[in-house]
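**Q** Sequence:
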Amino acid sequence: MNLVAIVGRPNVGKSTLFNRLVGRREAIVESEPGVTRDRIYGQSDWNGKYFTLIDTGGFIPGSENTMERAIREQAMIAIEEADVIVFVCDGRDGITTFDEDIARILRSSSKPVTLVINKCDNHKHDADSYEFYKLGLGDPFAISALSGRSTGDFLDQIAGSLPESSEDDDDPRLKIAVVGRPNAGKSSLTNALAGKDRSIVTDIPGTTRDAIDSVVKFHGEEVVLIDTAGLRKKSHVKENIELYSIIRTSRAIDRCDVAVVMIDAERGVEEQDKKIINQVDESRKGIILAVNKWDLIEKDSKTAELRTKKFYEEMRPYEYVPVVYISALTKQRITKVIDIARGIVEKRKVHIKTSELNKTILPMLEKKHPPAVKGKDLRVNYITQVGTEPPVFALFGNHPQLLPDAYKRFIERIIREQFDFKGTPISLIFRRKNVRWEDQGR
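Note that numbering that gives the first Met the number 0 numbers the sequence shown so that position 430 is 429, with each residue one more than the last.
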């Protein structure tokens with residue numbers, strides 16, 4: 000998937016624009032510059048072009064670098080990784096020395112740059128954008144990220160700058176991204192599967208900075224392994240190179256068919272592991288949980304079973320995720336990872352006939368109706384599959400907007416019980432029964 004990076008000095012509205020484009024409040028927005036955000040990536044689309052949006056905003060709190068150096072590093076990372084760059088400036092402040100510094104870097108790059116002048120809340124404020132022609136980056140787009148005013152024009156330019164497709168879109172080979180926290184054994188697994196030291200392996204967390212591809216032969220077929228930099232909590236990020244790693248990892252997830260989330264068997268599933276699993280799920284990719292360093296665990300015949308049960312209890316929305324216990328060091332069960340990944344890819348391509356879906360699922364929904372809401376008797380009358388990779392199901396009923404989330408999870412659970420979608424997210428779309436699906440759009 001194409002990557003669009005938002006760059007600019009602190010407190011110009013980058014996170015507000017990010018939230019506007021991804022369609023929900025993902026980044027924390029405060030008036031103080033440098034506020035730590037829980038997430039810096041999100042998915043967006045415009046005019047049929049889908050892209051990953053990266054918010055590079057501000058310097059990282061705790062960094063000993065000067066603001067100027069930090070901003071420069073952020074811009075350089077964006078230039079290195081992005082397909083298109085959105086440079087955000089503050090129309091009320093006018094051009095600053097920091098803006099000029101970033102503009103010089105962007106002008107020397109070969110990447111398409113869209114210049115956005117934020118905080119232009121009306122036509123009078125639009126005049127504040129004219130001086131930004133001096134930056135030499137083309138026409139400035141005067142917008143208000145807060146209200147969404149005039150965002151369509153610059154999105155048209157972004158969409159026009161993005162390629163129609165990437166090489167990965169045309170690559171039929173199975174692509175597996177190995178992701179996880181630092182020092183979980185990601186590079187060791189890649190090396191063990193590839194049979195050579197493709198990535199540097201040390202016991203120092205964060206050694207791998209880039210996403211590195213290896214190609215292995217498995218039962219006569221080529222498989223692309225994408226080894227990635229370790230993700231760590233933001234409080235542990237002390238240098239901008241870590242942002243580079245996070246961007247690379249996010250992009251690796253976008254590129255893959257299946258992501259293998261590596262965890263350390265001795266440490267178990269920690270909060271950061273859960274966030275990574277959630278990131279893969281939101282990207283709608285296939286997912287495997289690989290518990291590495293299993294050779295170091297004292298265990299009996301039921302240890303793995305109990306561990307898996309505990310994981311599913313803690314992560315109920317992710318009971319569809321297969322768990323495999325491996326040792327990259329001893330190569331115990333490492334090829335099972337590829338076997339499971341191949342099976343997941345096939346399941347993601349499955350399309351179930353509408354007649355079979357309704358024959359199987361509707362009787363089960365009739366046995367357990369959703370609870371009445373606001374005095375209304377809720378029903379689901381029809382189901383059809385409208386997409387694959389990942390599977391997407393449209394369900395039609397009388398008051399779909401009132402269906403409780405718990406009942407939606409129940410529907411997903413019975414679909415999974417009746418049809419094998421182990422390892423892949425599935426999406427449910429709810430519509431009124433008297434509105435045709437083709438009139439709703441996807």
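Calculated from the structure, these hints are not laboratory results. Bear in mind that the values here come from a model prediction, so they are computed numbers and not experimental data. Keep in mind that the hints are not guaranteed to be accurate.
To be verified - Cut-off 25 Å, straight-line C-alpha distance, at most; resulting in silico cross-link-like pairs (PhoX-like, lysine-lysine): (1) Lys407 - Lys301; (2) Lys373 - Lys352; (3) Lys367 - Lys273; (4) Lys421 - Lys407; (5) Lys301 - Lys367; (6) Lys346 - Lys335.
**Q** Now, for every hint given, state plainly whether the structure supports it.
**A** Against the structure, the hints:
Restraint check for lysine 407 and lysine 301: the C-alpha separation of about 33 Å exceeds 25 Å, so the hint is violated. Taken as a hint, the lysine 373 and lysine 352 pair is broken in the structure, with Cα atoms around 34 Å apart against an allowance of 25 Å. For the proposed pair lysine 367 and lysine 273, the alpha carbon gap of about 31 Å is over 25 Å, so the pair is violated. With a C-alpha separation of about 18 Å, the suggested pair lysine 421 and lysine 407 falls inside the 25 Å cut-off, and the hint holds.
For a cut-off of 25 Å, the pair hint linking lysine 301 to lysine 367 is broken: about 35 Å separates their Cα positions. Simply put, lysine 346 and lysine 335 have alpha-carbon atoms about 17 Å apart, close enough for the 25 Å limit, and the pair holds.
In this structure, the earlier hints numbered 1, 2, 3, 5 are contradicted, and the remaining ones agree with it.
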